[in-house]
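Participant: One letter stands for each residue in the lines below.
Protein chains: 2
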Amino acid sequence: MDLADISRPVREDLAAVEEGLKSVGKVSSPGLSELLGYTLKGGGKRARPILALLCGRLCGAPGERVVPMAVAAELTHLATLVHDDTIDKSPVRWSRPTPNTLWGEEQAVLLGDYLFARAGELTASTDNLRVIKLLPETLMIITGGEIAQSRSAFQLDQTRAQYLQRVSSKTAALFTLATASGAILAGAREEWVQALSAYGHNFGIAFQIVDDILDFIGTEEEMGKPVGSDLAHGTLTLPAMLLMEQYPQDNPVTKLFRERGGAEYVRQAVELVRGSSIIDQCFDVAAEYRDQACLGLQGLPDNEYRQSLYDLADFIITRRK
Amino acid sequence: MDLADISRPVREDLAAVEEGLKSVGKVSSPGLSELLGYTLKGGGKRARPILALLCGRLCGAPGERVVPMAVAAELTHLATLVHDDTIDKSPVRWSRPTPNTLWGEEQAVLLGDYLFARAGELTASTDNLRVIKLLPETLMIITGGEIAQSRSAFQLDQTRAQYLQRVSSKTAALFTLATASGAILAGAREEWVQALSAYGHNFGIAFQIVDDILDFIGTEEEMGKPVGSDLAHGTLTLPAMLLMEQYPQDNPVTKLFRERGGAEYVRQAVELVRGSSIIDQCFDVAAEYRDQACLGLQGLPDNEYRQSLYDLADFIITRRK
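Chains as they are written, first to last, in my numbering: chain Z, -7 to 313; chain X, -7 to 313.
Do not rely on the hints blindly, as some may be mistaken.
Claimed, not checked - Under the rule of at most 16 Å between Cα atoms (straight-line distance), these lysine to aspartate or glutamate pairs were calculated in the EDC-like manner: (1) Z:K81 <-> Z:E56; (2) X:K81 <-> Z:E97; (3) Z:K247 <-> Z:E237; (4) X:K125 <-> Z:E11; (5) Z:K81 <-> X:D119; (6) Z:K125 <-> X:E97; (7) Z:K37 <-> Z:D(-3).
Stated by the list, open to error - Counterexamples of contact, computed for chain X against chain Z with all Cβ distances above 10 Å: (8) I124; (9) L127; (10) L206; (11) T246.
To be clear, the hints were calculated from the coordinates, so they are not data collected in a lab.
All residues carry an ideal CB built from backbone N, CA and C; glycine is no exception.
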């Protein structure tokens, strides 16, 4: 099953989200219009809008009620990517140059700020105070998590709990916003809102663990960015942690972090992880979170939207990009 | 009259704003807490909170109702400064190192994002949908204006209308947010909201023109940053425009912009402007906007808060930092 199959029950709403994203790019300033047009046409999977729409529909909302918030969730995601690529000086994403490469850091930082603002504007347009409050709270969690990650770069003494905390902040928080806001805008009963929030949280952790796995086992063509990027930036992810546990005396990750860089160490670490059982172990951890996400859906209405949430949780575990 | 005299009618509310800013820095993450503590203790004049408080009180709001929004306006201002200093690679502001100098660009970008988010959270806490919608709209104007400024760096063919448009976006919009939100939160009649919005707009333009003048005539000690910074960054401001008009054949600004840099040209331009009538002409333009701002206050209640708005408009014209 691919993403188009899974999102079929909300395909019309999703088309409206694409239209919404396109209209974000329609601004009078030619410079800004160019930046937005490029950024909004990237290669994203639109996972956050799909989740918001599925959760909204699952709880009985008419699709159009959730569309602006689904657009806002995607814009928030894009804004964080634009800033991440800028501060990481990443040259490539989705197999094409990043905004910071094409227009420089200055305009990339401002572009990210604009996208955050536009996300806020769309969220405010829902007139729903609970959803409106969720967005900045989520952004505080995300940026707080990213600051923690930045401060922990090339630090060897990190626990698995700290890793999960980081993943929870930098990735799961936005998925939680997407699922929770869908349910809230549908006027769902509190029990359902909580269940879908928990789904988004566990889904997000599984999603990020798979992302961290793909950074080791994916190809540059599939991912649209270099293999081993996390390690190269000094970000300790689950596969690298397990590698250090398996070879406590001598391993390329420890060397890389002590010397704060070294492409050869990155290559060695990637090779060592690929040839070990570490990837299977990481998939097992991701699958636990997938299971946890799905378990929480049991009390919700048994409809095609819920089925898509199950399928989506399976999909993100098996995806290769 | 100094700023303490002018803001005396709202001194208690202003103390609450300072408390509010302090509590923004109280977060569990030690890294983030350090970044926030430093940023919130800068040398700002708190002009935006003062305006929000005066406008709120003028329209009859109890002070505490406007305090969160006054804090939000200041945080938004600080967020834009942190990002501006980062993308300009400015080493110093308020006579001390900038966050990008102390902690690097990565953490400075994230710090700015966090401050934007916190501003959004505080604004949402007002539960006032009109004010909630004003914040992201204002941020879109500000960042849109900054992108335009960034794209026009070192461009010689700029009109005075374009300059005013830039000033209006990058500075006046946030002052308008401050004054309008004070009035809106007070539940003021629409006429007063419009009058105070217009005051904020004209005040903001006068404020920025004076800022642009001080970049030529101030001292590094007074301003806490180097003289001629705007020119060095390729930003064409009113004094530089008038210099080009006065010496159309040959002037250091044209040379600086054609060669995209040159500290000696900056020095020459500053000297030439200081020795001419250009500064007086610029002050005349700023004074027109000050007058325009004050004119709009006539229909408002004649109380101590309105008097402070008059005094504040005079103050920003005569300030030296």
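Participant: Kindly indicate which numbered hints from before are broken by the structure, ordering the numbers from low to high.
Facilitator: Hints 1, 4, 5, 6, 8, 9 are the ones this structure does not satisfy, whereas the remaining hints hold.
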